[in-house]
Amino acid sequence: MLADDLRGLYYIALKDLRAYYLKPPNISWGILFPFAFVLAFIIRNPGDVGQLVPGLIGLTVLFSTTSMEAIVITFERRIGSLERLFLSPVRLPAILAGKMMGGMIFGIAITAVVAAISLILYPASHLNWVMLLVTVFLSALSCSALGAFVSVVVKEVFEAQTLANFFRFPMMFLGGVFVPVNNLPLWLQVIARCLPLTYSVEALRNAIEGASWRIIWMDLAMLLLFSAILYGLSVFVLSKRIEE
Amino acid sequence: MSEIIQVTQLTKIYAPQRDTAAIRAVDALDFSVQGGEIFGFLGPNGAGKTTTIRMLTGLIRPTAGTARILGMDIDRELSRIKKLIGVVPDKSNLYEELTAYENLVFDMQLYGVPRIEWAKRAEKLLERFGLQNKRNTPFAKLSHGMKRALTISAALAHDPKVIFLDEPTTGLDVMSARRLRKMIAELRNEGVTTFLTTHYLEEAERLCDRIGIIVKGRLVALDSVEGLKKHIQSDSTQVEITWQDAENQVVTDRVEAVSAEEAIQKALKTVQGKNIISLNTLQPSLEEVFVKLTGLDADVMLAEKGNGKGK
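These protein sequence lines map, in sequence, to chains A and B. First residue of the first sequence? That's 1 in the working numbering, and the numbers climb one at a time after it. First residue of the second sequence? That's 245 in the working numbering, and the numbers climb one at a time after it.
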């Protein structure tokens, strides 16, 4: 059974990438939005953008990863294609993991381009590449789990995008992208600590500044925890939805 | 012949929702399907046909009762069962962006068909279902009939022993429906056991070895087509007699009696001395059987889903 699950996971991710990466919501939210965002900051205040690089990379991961989930889960559920996967020998947790993997690969690819542009324009002399890669991977994992959760609780693609924005926009302003979390009022800091992007941005900043692993392990652990909780919830909700 | 599907007291009750009470969609079904046969599951829309298929294929869990497919329990050995069955849902639900060929290959990838087989099997299925010219056409751009044919071929891609077909010809034009029925009939020759749900009486009569009639979640009859007809034949027999009257006009009349002999004698008595053209004992149609057994109007089967298209 494990072999069926692993094989299914791989082919589901591959099929999703081939079938959906050029879908309009993916292009607008997953590709154009992060690029437009980066460009807007560079044009407005080129001197300060270096400070914003970790936040921009974090935002790119968030938007590019979650935009794919709305299509590969909500859209397929609406047209009935998702049911084909449930009829196969691949079990539900592996199906959802395959869906998340497609989103992660797409998100990481877009993020790699944004990160490369940002780091060429604003070189980071102490950058820890391994730490950056691990952080981007775990950020993509948690964002893709968030995208999966949002996509299984609604029925339509536009609802998934709207609900995703309900989480994404507060994260944009509270996750430490523009203002360090420690500068926020205490009650907003509490909210910020409940958002995965906060830990992504913190870890990315540390990776770019070349901090030690001892400082960021907590951020990485929190990203893993968010991923596990959101993935578990998504599996639970989707299994209930099939029965409806 | 072995029993490929065994269903015992299978029941599905949907929990009450905000605006609806609990629904007993399937109520204590008992039946079995023999190896290699085409088993028809006949009933009006909402009778419980799709719910039964969804339980047998593991999409939803039964509230009570059990079922075994190929000797394996659907509750405990579902993953093994899934490898050996193919399912064609009532909606053609392949991936719109993938081509006909890619859809077939993706299905084989999911079911663990060896890579070396992919191209060979896909090409064979495309040819068999007359889709070789549409090999590289995205599913979204195929006609309704072609989509249905490709959905069936995708269900066969991993070489299943049992295939579940849920309303395979609903909404198809006459020619496409006829072509598909021919393909379904061919499955029997290959030893594939077919579980077919339909609300087209004529389709069931033409294709199925045995038919189960389900109404409001309960199985009201189960027999071969001939067996079902005998149920109502035992009450009475009709003969149709045609003759020429004094003005050379052709006249046809029907006479009913408790036995064929009595009906024939009665018919002959009514046309004594006239030029008889023909005299036939009438077989009841499956439609008459359905009406008699369920108490429902046969139109109820055509009024919903697809408006009787494809008949």
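Incorrect hints may have been included.
What the hints assert, rightly or not - Calculated pairs, BS3-like style, for lysine-lysine (alpha carbon to alpha carbon, straight line, at most 27 Å):
hint, chain 1, residue 1, chain 2, residue 2
1, B, 378, A, 23
2, B, 335, A, 155
3, B, 364, B, 405
4, B, 327, A, 240
5, A, 155, B, 385
What the hints assert, rightly or not - Ranges between beta-carbon positions, derived for each pair:
hint, chain 1, residue 1, chain 2, residue 2, range
6, B, 537, A, 232, 54 to 60 Å
7, A, 153, B, 363, 50 to 56 Å
8, A, 209, B, 363, 50 to 56 Å
9, B, 262, A, 173, 32 to 38 Å
10, B, 387, A, 209, 58 to 64 Å
11, A, 188, B, 363, 23 to 29 Å
12, B, 468, A, 153, 56 to 62 Å
13, A, 80, B, 526, 48 to 54 Å
Honestly, the hints are just simulated from the structure, not real lab data. Virtual Cβ for every residue (Gly too), placed ideally from N, Cα, C.
Results for each hint:
1. B:378 x A:23: Since the Cα atoms of residue 378 (chain B) and residue 23 (chain A) sit roughly 23 Å apart, the hinted pair holds (cutoff 27 Å).
2. B:335 x A:155: holds, 18 Å
3. B:364 x B:405: holds, 19 Å
4. B:327 x A:240: holds, 23 Å
5. A:155 x B:385: With a Cα-Cα distance of about 25 Å, the restraint between residue 155 (chain A) and residue 385 (chain B) holds, given a limit of 27 Å.
6. B:537 x A:232: 54 to 60 Å: violated, 49 Å
7. A:153 x B:363: 50 to 56 Å: violated, 40 Å
8. A:209 x B:363: 50 to 56 Å: Taking Cβ atoms as reference, residue 209 (chain A) and residue 363 (chain B) lie about 52 Å apart, which means the hint holds.
9. B:262 x A:173: 32 to 38 Å: holds, 36 Å
10. B:387 x A:209: 58 to 64 Å: Distance hint for residue 387 (chain B), residue 209 (chain A) holds at roughly 60 Å.
11. A:188 x B:363: 23 to 29 Å: For residue 188 (chain A) and residue 363 (chain B) the Cβ distance comes to about 58 Å; the hint is violated.
12. B:468 x A:153: 56 to 62 Å: violated, 48 Å
13. A:80 x B:526: 48 to 54 Å: With a Cβ separation near 43 Å, residue 80 (chain A) and residue 526 (chain B) fall outside 48 to 54 Å, so the hint is violated.
Consistency note: the structure conflicts with the earlier hints numbered 6, 7, 11, 12, 13.
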